[in-house]
Amino acid sequence: MKPEARAFLDKSRECLEKAEGMLARWPDEAGRAAYLAGLHAAQAFIIEKTGQLAKTHKGVQRELGRLTKDERGFEPEPRAFLGRAYNLKAVADYETGSGSKVTHAQAKEAIDAAHQFVAALHKLMGSPP
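The opening position of the sequence shown corresponds to residue 7 in this note's numbering, with each subsequent residue numbered one higher.
Just so you know, these hints were derived from the structure itself, not from any lab.
A few of these clues could be false.
As the list claims (entries may be wrong) - Below, simulated DSSO-like cross-link-like pairs (lysine-lysine); rule was C-alpha separation at most 27 angstroms, straight line:
# : residue 1 : residue 2
1 : LYS107    : LYS75
2 : LYS114    : LYS8
3 : LYS129    : LYS8
4 : LYS17     : LYS61
Build out the structure end to end from the sequences listed, making use of the hints.
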């Protein structure tokens, strides 16, 4: 595995640990961290497959979609993770007012989905989670 990809996977694991640790007290931060865990795992996959780094959130989603469109081991649920979880990041980062909260349930769901997403990418890369 390329060292850059390994570094992104390490960061992904760190973000998942942070998400779990923040869930009870700060679900918005936990949701953001779950998204970032997936983003970093996707970057690892992209680097491993192309040697290139995607430069934007949309770029990561687009490139991951392109690279996994024919992958049988990458099911629709994990495929949709980044787009859905980005919404939690956006709420945590930018939203204000009564609708600007990420609930405990939403964050927990994102953390569980992030684990599945990261595991699916590990499997595609042939690396243990």
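LYS107 and LYS75: Cα distance at most 27 angstroms? Not OK: LYS107 and LYS75 at ~33 angstroms, beyond 27 angstroms, violated.
Satisfaction of hint between LYS8 and LYS114, Cα-Cα up to 27 angstroms: Distance ~31 angstroms between LYS114 and LYS8 Cα, so the pair is violated.
Does LYS129 pair with LYS8 here, judged by a C-alpha cut-off of 27 angstroms? holds, 16 angstroms
For the pair supplied as a hint, LYS17 and LYS61, confirm whether the alpha-carbon distance does not exceed 27 angstroms. holds, 17 angstroms
In summary, the structure is inconsistent with hints 1, 2 from the numbered list given earlier, while agreeing with the others.
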